[in-house]
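**Student:** Each chain is listed here by its residues.
4 protein chains.
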Amino acid sequence: MKQTNVKPADGKLGIMVVGCGAVATTFMTGVLMARKGLAKPIGSMTQYDKIRVGRGSEKKYLHYKDIVPLADLNDIVFGTWDVYPQNAYQAAVYAEVLKAKDIEPVRDELEAIKPLKAAFDRNYAKRLDGDNVKNCKTRWEMVEALREDIRNFKKENGCARVVVIWAASTEIYVPYNEQYHGTLAALEKAMKDDDREHVAPSMCYAYAALTEGAPFIMGAPNTTVDIPAMWELAEKTKMPIAGKDFKTGQTLVKSGFAPILKVRNLGLAGWFSTNILGNRDGLVLDEPANFHTKEVSKLSTLETILRKEDQPDLYGNIYHKVRINYYPPRNDNKEGWDNLDIFGWMGYPMQIKINFLCRDSILAAPLLLDLTLLMDLAARAGRYGIQRFLSFFLKSPMHDYTKGEEAVNNLFDQYVMLKNAIREMGGYEADEEID
Amino acid sequence: MKQTNVKPADGKLGIMVVGCGAVATTFMTGVLMARKGLAKPIGSMTQYDKIRVGRGSEKKYLHYKDIVPLADLNDIVFGTWDVYPQNAYQAAVYAEVLKAKDIEPVRDELEAIKPLKAAFDRNYAKRLDGDNVKNCKTRWEMVEALREDIRNFKKENGCARVVVIWAASTEIYVPYNEQYHGTLAALEKAMKDDDREHVAPSMCYAYAALTEGAPFIMGAPNTTVDIPAMWELAEKTKMPIAGKDFKTGQTLVKSGFAPILKVRNLGLAGWFSTNILGNRDGLVLDEPANFHTKEVSKLSTLETILRKEDQPDLYGNIYHKVRINYYPPRNDNKEGWDNLDIFGWMGYPMQIKINFLCRDSILAAPLLLDLTLLMDLAARAGRYGIQRFLSFFLKSPMHDYTKGEEAVNNLFDQYVMLKNAIREMGGYEADEEID
Amino acid sequence: MKQTNVKPADGKLGIMVVGCGAVATTFMTGVLMARKGLAKPIGSMTQYDKIRVGRGSEKKYLHYKDIVPLADLNDIVFGTWDVYPQNAYQAAVYAEVLKAKDIEPVRDELEAIKPLKAAFDRNYAKRLDGDNVKNCKTRWEMVEALREDIRNFKKENGCARVVVIWAASTEIYVPYNEQYHGTLAALEKAMKDDDREHVAPSMCYAYAALTEGAPFIMGAPNTTVDIPAMWELAEKTKMPIAGKDFKTGQTLVKSGFAPILKVRNLGLAGWFSTNILGNRDGLVLDEPANFHTKEVSKLSTLETILRKEDQPDLYGNIYHKVRINYYPPRNDNKEGWDNLDIFGWMGYPMQIKINFLCRDSILAAPLLLDLTLLMDLAARAGRYGIQRFLSFFLKSPMHDYTKGEEAVNNLFDQYVMLKNAIREMGGYEADEEID
Amino acid sequence: MKQTNVKPADGKLGIMVVGCGAVATTFMTGVLMARKGLAKPIGSMTQYDKIRVGRGSEKKYLHYKDIVPLADLNDIVFGTWDVYPQNAYQAAVYAEVLKAKDIEPVRDELEAIKPLKAAFDRNYAKRLDGDNVKNCKTRWEMVEALREDIRNFKKENGCARVVVIWAASTEIYVPYNEQYHGTLAALEKAMKDDDREHVAPSMCYAYAALTEGAPFIMGAPNTTVDIPAMWELAEKTKMPIAGKDFKTGQTLVKSGFAPILKVRNLGLAGWFSTNILGNRDGLVLDEPANFHTKEVSKLSTLETILRKEDQPDLYGNIYHKVRINYYPPRNDNKEGWDNLDIFGWMGYPMQIKINFLCRDSILAAPLLLDLTLLMDLAARAGRYGIQRFLSFFLKSPMHDYTKGEEAVNNLFDQYVMLKNAIREMGGYEADEEID
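Note that the protein sequences, when read in sequence, are chains A, Y, P and C.
So the numbering used here is basically just the index in the first sequence, starting at one, shifted up by 66.
So the numbering used here is basically just the index in the second sequence, starting at one, shifted up by 66.
So the numbering used here is basically just the index in the third sequence, starting at one, shifted up by 66.
So the numbering used here is basically just the index in the fourth sequence, starting at one, shifted up by 66.
These are calculated hints, taken from the structure and not from any lab test.
Note that the structure is predicted; figures quoted are calculated from it, not measured.
For each residue, glycine too, the CB sits at the ideal point set by N, CA and C.
A couple of the hints might just be wrong.
As the list claims (entries may be wrong) - Here are some chain C residues the structure puts well away from chain Y; computed CB gaps all over 10 Å:
{"#": "1", "residue": "T70"}
{"#": "2", "residue": "L104"}
{"#": "3", "residue": "D141"}
{"#": "4", "residue": "K180"}
{"#": "5", "residue": "H264"}
{"#": "6", "residue": "E298"}
{"#": "7", "residue": "K387"}
{"#": "8", "residue": "P395"}
{"#": "9", "residue": "K419"}
{"#": "10", "residue": "Y450"}
{"#": "11", "residue": "E495"}
{"#": "12", "residue": "I500"}
As the list claims (entries may be wrong) - List of simulated lysine-lysine pairs, DSSO-like, C-alpha gap at most 27 Å:
{"#": "13", "chain 1": "A", "residue 1": "K374", "chain 2": "Y", "residue 2": "K125"}
{"#": "14", "chain 1": "C", "residue 1": "K165", "chain 2": "A", "residue 2": "K106"}
{"#": "15", "chain 1": "Y", "residue 1": "K183", "chain 2": "Y", "residue 2": "K116"}
{"#": "16", "chain 1": "Y", "residue 1": "K167", "chain 2": "P", "residue 2": "K419"}
{"#": "17", "chain 1": "A", "residue 1": "K106", "chain 2": "Y", "residue 2": "K419"}
{"#": "18", "chain 1": "C", "residue 1": "K387", "chain 2": "A", "residue 2": "K419"}
{"#": "19", "chain 1": "Y", "residue 1": "K126", "chain 2": "A", "residue 2": "K374"}
{"#": "20", "chain 1": "C", "residue 1": "K419", "chain 2": "A", "residue 2": "K419"}
{"#": "21", "chain 1": "Y", "residue 1": "K192", "chain 2": "Y", "residue 2": "K102"}
{"#": "22", "chain 1": "Y", "residue 1": "K78", "chain 2": "Y", "residue 2": "K183"}
{"#": "23", "chain 1": "Y", "residue 1": "K469", "chain 2": "Y", "residue 2": "K304"}
{"#": "24", "chain 1": "Y", "residue 1": "K165", "chain 2": "C", "residue 2": "K469"}
{"#": "25", "chain 1": "Y", "residue 1": "K183", "chain 2": "A", "residue 2": "K126"}
{"#": "26", "chain 1": "C", "residue 1": "K374", "chain 2": "P", "residue 2": "K374"}
{"#": "27", "chain 1": "C", "residue 1": "K419", "chain 2": "P", "residue 2": "K419"}
{"#": "28", "chain 1": "P", "residue 1": "K165", "chain 2": "Y", "residue 2": "K167"}
{"#": "29", "chain 1": "Y", "residue 1": "K387", "chain 2": "C", "residue 2": "K419"}
{"#": "30", "chain 1": "C", "residue 1": "K125", "chain 2": "P", "residue 2": "K374"}
{"#": "31", "chain 1": "P", "residue 1": "K180", "chain 2": "P", "residue 2": "K200"}
{"#": "32", "chain 1": "A", "residue 1": "K126", "chain 2": "Y", "residue 2": "K374"}
{"#": "33", "chain 1": "C", "residue 1": "K419", "chain 2": "A", "residue 2": "K387"}
{"#": "34", "chain 1": "Y", "residue 1": "K469", "chain 2": "A", "residue 2": "K125"}
{"#": "35", "chain 1": "C", "residue 1": "K255", "chain 2": "C", "residue 2": "K200"}
{"#": "36", "chain 1": "P", "residue 1": "K126", "chain 2": "C", "residue 2": "K469"}
{"#": "37", "chain 1": "C", "residue 1": "K167", "chain 2": "A", "residue 2": "K167"}
{"#": "38", "chain 1": "P", "residue 1": "K387", "chain 2": "A", "residue 2": "K192"}
{"#": "39", "chain 1": "A", "residue 1": "K167", "chain 2": "C", "residue 2": "K102"}
{"#": "40", "chain 1": "C", "residue 1": "K387", "chain 2": "C", "residue 2": "K374"}
Whole structure, please, built from the sequences with the hints as guidance.
**Tutor:** Okay, structure coming up:
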């Protein structure tokens, strides 16, 4: 590895996951199993991917850890919050994602991971009814209780660093409102005023994390850290933030398939995406207010990849529709069905249908590993604020919309951003252009 | 446009198409209609795509014609050979690809395109029974008759340049045999000896074209110009050659979708591709000897994109199967059905199914336009031999296998090669790496 | 033909279609073309199907017209109402369902079919904005104006009989309300009181038709004749009524596929149905109030075929979900996607996915022909009230729910009912049991 | 139950299964588990289905066992032959069809089921390499060894009756040859002459079974008992025979879906069926000679359901193609993909695609249970020769083709035949017509 300015990854890394459901337990179990050599962390960029560094005859392909100092799987310690009190072993079994043979070998370690009481407000997720919740009078009290949790966890586990990642449900939609979200002061005031309409519980987690020196990642489509107040806090605390919404099934495919059309200059008349899923995530999304948050997150993907202003003949009139359906028979094994109405030579129409029988948690788990390791890296590299280079992992990547920035949704462009950042942190030239 | 060393595209460009079937007539009709402003050449890179030139703050996005001197659609003159005597209008109507309203406005021009007699050997395509064929005693006579055709066509139409493109059926498989295909002298001897086993009719077309100073493009999977003898001829005549097999439906999707898996480091256990098609191409492929040629062409795609040696955990054991089925009810509207067995975190399996309801000729037509224009460009730029930068358009891109070169099948890598070549011919830096 | 009590089909039969859109014009054009021998009325039971009559060695298979006296295609005269003033030719061209070559030969006849002004209330179909509407002060005035239309049409065209069929849009949902729909007197009072909440415009058409001695068929899911008040009117006027909702794409498949599971004793855990459609019907259904009407119509299908009380192990816990999506790129070519989660031996799960690329009007048109001819037959046979034997053609077949009757949705059972009724009217034994 | 002439099902019933692979062990495990109340035999007609007996007001719906005397699950004893020596527990684990939790509770019973040495000829299944085979010099010796096996099994297990069912691989195609298969004498001569070309090993099993008074069922597409010689033997021994080829996935759907088209009088232009499967059955079928046997079996389905002579406009020109592909990544979870090109009103085309993610053994297991129980019933009812009433369970139902009989492939017609036979054996009227 080259000499870089990034601080080394010494000591334990605490990963505190908000929500101890299917996604979180699949992530934890996989890491624990991988560390024993009993499973492979397939799908994880930090564990598998190789990046070119150098150009022409100088070029070589290296794993991330050979370019930058990444935390080792053996140094990870897990913590979690949840509205249900079951430990991670019980939650993993309940989730029915993994087979018994893939959980039992790390049962003891999972049983030791017991959820802290959650900072919860049932108005934000009506379909959940757990009672392992903090008894806080105000949002500000929530923040303080969560900060204490993080401090205790760090101390008890002897962690050098902590990262907080949200893997809980989608909250109801909280649109950006300058009056409450425009500045840090405004947000703090709203927390102290216990303004439950404008301050989602997730904002308390983010606030607590950043204040305690822990990077924060939003894995649901919640707008939590997608507001200037949080950007200000990230700047103030010199902490990185990332979000939002793990890019798992249908949107992953969409962000990779739309570039095929673009690169081939084929036209697109319509794209219909529908999804059936039956896990707790689906249950929550069955509530219209929660679904709206998700829909907003999923809809922007195409428009930024196939830009109507660049190719009006091809992309001037795309009808894009996204539907999510709660459908319990399949549990975590969600399924996407996409229909693309494309057109070619002389405008003749053709159709492409993509049917993705995926597994929500299996696709999400490696994202949690990569996002936490790379956020920890970013913090050590002194990068703070929105980490756009992590757009690759996110359905609705954060960007400073107040300055007219646009999200980058093209999977291959996102990959360039990821590679360039790793190169740069590794002391190499960030030599790829986003075309 | 920058000052470059490429000769300008002055004068008429003759495009002589071997085979006047669905693909050829859809191509011709579209060009003629586009030139009247009555149709859009969607899917054509030369007409739509924009490439970045320059880096960072210097960068700008330009159409190909603003980077390099491309022949104008108005300067194109069409010629053709076919075993059936019907003119291009009749053939277009027979093909049932285009609606009457998209053919009638250029009926006169199409009627004027009358197939020259084909150099044909029924042993190479048993299912075809046309009799508009040359009466040649030997393969060498075929060559001479074809050369005369080209010279006459050029003179009669006042063409400054001619390009010959094969859009006829797949011949039976002619594997590379060093004794007959290893050197130009050996091939010429075989032609003069009338060795019908080792010299396919298509080789006569290629030989004639190159000798007459016309670039040659192989649009079927035939091995025609994929032999050292032809490379030697191309070198000797300073002519560019390209091939093989237009990348239209299923392989297009495969070459674009496999990179999604690769970039996301998801594993692949199996990929099953099946195809139903009912046009003359399908009929010919229903003959096992002809199908074999196609199968060889389609099978290598995955292996060069998802390299087992780079990621043995992910791609070490891929079961890849391709099946093509003649199925008349759909005619030209071929349909692909792909099933991908992928795996993620901890090895858990998932499935992706892609159903492509495409139109063979609609997807192929813009490839003919791009390949002929870019080959003409290459010739004017003094580039000869195998044109690897055109791999983007081809299912089984040519490369010098005698030197251990590998085909580039990744759609996005192929796109980089295309862009770099255009940049280079345009006097810009070929600044993208293939990762 | 045997001697029966059914009156002969002498004289002209007027078919008055409410709504002159894609469905109506495809129906009319097909009948006019078929009559000239220029098209085949595929999908029509009355024109193609053969029924067994007699048993054992006596049995023979006869076309309907050889069992009962059916009106001849040559005796049909078309009339229509619509909110848009375009004649049937213009409407057929606008609909883009049929190719020019299938419309032009009967252009004159279609042009002569000019829509009468519609009885319309925009509150029942917000997305429609036509202005070819009657200016009526009350619902009762609507009824009287429509009755006059029917009388005039009959006289002007010298019709012996008239049938009225609704092929217009889905109205907003009007649930059965005993106070207004419970008796004929109550309904008439509501009409005279101009109670626009409880009296849908479609009820005025039905009332007018029955009162003028014309059978009435409801082709949309509107509850129009699905109320005791209308049953009373049908009894009083001795007129047959039928409805509701033409069984075209997805429900047709569902009503035929569910019996496969039932007959094989395979279990069903869930059935998810989604639909994309872009015609005027889709536009109207994009309005939630209108969709609700449709959803109610589509949901009952499964439950009456796979009865949980008969096979609790197999059908005790079915999750059934139906979603319809307006998606303009495809226009009339709607598409259904069904996912069935079934289970077999020892409860092991399996999946079936059915993707139906259908054409709404092509599937509906023969239903209009069959329903009008068979309703005319029923009237001549002296059958009045709800015609359950026509359930075969309907998504949500009418039945007397006030007496606890259940709808018959199994396609094969519906077919038995249809055959038995034809047999009976033809003087044969109605000898099949519904199993 | 009514008084009938069927002998009671007293005593143990031995079920001897040829082939102890995935299908056989799934069947055995399920029966053993069901008998302990630990699993449900879903998909089994004898265990779940109810049939109407009586007509009109007299009618009632009864389980089969309440109409006819069926053997009880508790009276079943399993035996098996296989080329591999693993016991049924080992084979079940190896098959990877059932989860451990569904096998372990009956482990002891499964372990006790040890395969007898198979009568095997590698020329009939090249891909199999087991060596648990009999050492017989001639086909006739095979017969004698198998007869001894059956006698021993019966005695050792105290069975009152035995049924033999073939659940082994598809052999290579042995077309009917009158000279060797035309009479029993001819066949016996061929056996004694050790004519290995005309006498498949499966014929030895059938001959042995019938001669020992055991009904024989052919579950693969082998022509074994589909020859006059065997019919003669069945007649002579008064034994029932049934076959051939268990109707599991794609053909089950086809035989149920084609009737939907027929009943709705929709036209069919083409039906393309492809299948991927990765179990031992798929491996054997990867050999062209074995696939041919299967293809012949699968191809006749459509033609007998949608008869071109009855409806030439609708079914006069169907292009039917069936492809089976060995594809190991999925093992027993085979998958069918069907594409139907249908047409409706005025001949307009539409498409239906059916994707069946099924499990071969899960679908086959209940067929083995039903076929063995119903064949045992037939024997006790004195029915011998071809049992056409079991067509319901078979892909290529046997019938006396020498007399011009046609197979009945329509699922619903087959169901009528099944019901009528049960009614008849139960002393009720066989009162349904096959329409």
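**Student:** None of the hints should be skipped; say for each whether it holds.
**Tutor:** Here's how the hints hold up against the structure:
The Cβ of C:T70 lies farther than 10 Å from every Cβ of chain Y, with a closest approach of about 50 Å, so its non-interface assignment holds. Distance check on C:L104: its Cβ is at least 27 Å (rounded) from any Cβ of chain Y, clearing the 10 Å threshold; non-interface status holds. With a least beta-carbon separation of about 40 Å from chain Y, C:D141 lies farther than 10 Å from that chain, consistent with its non-interface assignment. Against the 10 Å criterion, C:K180 stays outside the reach of chain Y, whose nearest CB is about 33 Å from its own CB.
The claim that C:H264 is not at the interface with chain Y holds, since no C-beta of that chain comes within 10 Å of its own (minimum 28 Å). Consistency note on C:E298: stated as away from chain Y, and its beta-carbon is indeed over 10 Å from all of that chain's, at 40 Å minimum. In this structure C:K387 is not separated from chain Y by more than 10 Å, as the shortest Cβ-Cβ distance comes to only about 6 Å. The non-interface label for C:P395 is inconsistent with chain Y: the shortest C-beta to C-beta separation is roughly 3 Å, within 10 Å.
The claim that C:K419 lies off the interface is violated: its Cβ sits roughly 7 Å from the closest Cβ of chain Y, which falls inside the 10 Å cut-off. Annotated as non-interface, C:Y450 keeps its C-beta farther than 10 Å from every C-beta of chain Y; the closest such distance is 43 Å. No Cβ of chain Y approaches the Cβ of C:E495 within 10 Å, the least distance being about 44 Å, so the stated non-interface status holds. No Cβ of chain Y approaches the Cβ of C:I500 within 10 Å, the least distance being about 30 Å, so the stated non-interface status holds.
For the hint pairing A:K374 with Y:K125, the CA-to-CA distance comes to about 20 Å; that is within 27 Å, so the pair holds. For the proposed pair C:K165 and A:K106, the alpha carbon gap of about 22 Å is at most 27 Å, so the pair holds. Among the hinted pairs, Y:K183 with Y:K116 is inconsistent with the structure: their alpha-carbon atoms are about 40 Å apart, more than 27 Å. A hinted pair counts as satisfied when its Cα atoms are at most 27 Å apart, and Y:K167 with P:K419 does not qualify at roughly 37 Å.
For a cut-off of 27 Å, the pair hint linking A:K106 to Y:K419 stands: about 25 Å separates their Cα positions. Under the criterion of a C-alpha separation no larger than 27 Å, the hint pairing C:K387 with A:K419 is consistent with the structure, at around 23 Å. Restraint check: the Cα-Cα separation between Y:K126 and A:K374 comes to about 18 Å, which is no more than 27 Å; the hinted pair holds. A C-alpha spacing of about 11 Å is found between C:K419 and A:K419, which places the hinted pair at or below 27 Å, so the restraint holds.
For the suggested pair Y:K192 and Y:K102, the alpha carbons sit about 39 Å apart, so the restraint of at most 27 Å is broken. Distance restraint check for Y:K78 and Y:K183: the Cα-Cα separation of roughly 23 Å lies within the 27 Å cut-off, and the hinted pair is therefore satisfied. A distance of roughly 20 Å separates the Cα atoms of Y:K469 and Y:K304; the hinted pair therefore holds under the 27 Å criterion. Only pairs whose Cα atoms come within 27 Å are accepted, and Y:K165 paired with C:K469 is rejected, the gap being roughly 51 Å.
Only pairs whose Cα atoms come within 27 Å are accepted, and Y:K183 paired with A:K126 is rejected, the gap being roughly 54 Å. At roughly 39 Å between alpha-carbon atoms, C:K374 and P:K374 are farther apart than 27 Å, so this suggested pair is violated. Our distance criterion of 27 Å between C-alpha atoms is met by C:K419 and P:K419, whose separation comes to about 8 Å. Between P:K165 and Y:K167 the CA atoms are separated by roughly 11 Å; this keeps the pair inside 27 Å, and the hint holds.
Taking the CA atoms of Y:K387 and C:K419, the gap is about 21 Å. The hint holds against a cut of 27 Å. Distance check on the hinted pair: C:K125 and P:K374 sit about 20 Å apart at the alpha-carbon level, within 27 Å; holds. Restraint check: the Cα-Cα separation between P:K180 and P:K200 comes to about 15 Å, which is no more than 27 Å; the hinted pair holds. With a C-alpha separation of about 18 Å, the suggested pair A:K126 and Y:K374 falls inside the 27 Å cut-off, and the hint holds.
As the CA atoms of C:K419 and A:K387 are separated by approximately 23 Å, the hinted pair is consistent with the 27 Å bound. With a CA separation close to 22 Å, the supplied pair Y:K469 and A:K125 stays within the 27 Å bound. Restraint check for C:K255 and C:K200: the C-alpha separation of about 21 Å stays at or below 27 Å, so the hint holds. Restraint check for P:K126 and C:K469: the C-alpha separation of about 22 Å stays at or below 27 Å, so the hint holds.
For the proposed pair C:K167 and A:K167, the alpha carbon gap of about 12 Å is at most 27 Å, so the pair holds. Proposed proximity of P:K387 and A:K192 is supported: the alpha carbons are some 21 Å apart, at most 27 Å. Of the pairs offered as hints, the one joining A:K167 and C:K102 holds, with about 26 Å between alpha carbons and a cut-off of 27 Å not exceeded. Using a Cα cut-off of 27 Å, the hinted pair C:K387 and C:K374 holds, with the two alpha carbons roughly 17 Å apart.
When each numbered hint is compared with the structure, violations occur for hints 7, 8, 9, 15, 16, 21, 24, 25, 26.
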